[in-house]
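Read in the UniProt record's numbering, the sequence shown has 6 at position 6, and its numbers run on one by one without any break.
Some hints could be false.
Across the chosen pairs, the derived CB separations fall in these ranges [said to hold, decoys possible]:
1) Gly42 / Leu8: 25 to 31 Å
2) Thr39 / Val16: 15 to 21 Å
3) Pro20 / Gly42: 30 to 36 Å
4) Lys12 / Ser41: 17 to 23 Å
FYI, nobody ran anything at the bench for these hints, they're computed from the structure. For clarity, every value in this text was computed on a predicted model and none was experimentally measured. Ideal Cβ placement from N, Cα and C applies to all residues, glycine included.
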Amino acid sequence: MACQEKDLESLKVLQVELWPLLTPEQNHLLHLVLQEVLTPSGRGV
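Assemble the whole structure, with the sequences as input and the hints as a guide.
Given below as structure tokens:
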């Protein structure tokens, strides 16, 4: 929901809350997705 609304602060809070529940690989993927949402590279990474 936060992603759909582009509520960047909520996305950051969600990442912090999910961090301990995810594997290192999942955390890395989440980081990459959020990084792309926050600062789009235009490369679709």
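Structure-based check of each hint:
1. A C-beta distance of roughly 18 Å is found between Gly42 and Leu8, which places it outside the suggested range of 25 to 31 Å.
2. In this structure the supplied range 15 to 21 Å holds for Thr39 paired with Val16, their Cβ-Cβ distance being about 18 Å.
3. The supplied range of 30 to 36 Å is met by Pro20 and Gly42, whose beta-carbon atoms lie about 32 Å from each other.
4. Distance hint for Lys12 and Ser41: a CB-CB separation of about 19 Å, consistent with the stated range 17 to 23 Å.
When held up to the earlier numbered hints, the structure conflicts with hint 1 and nothing else.
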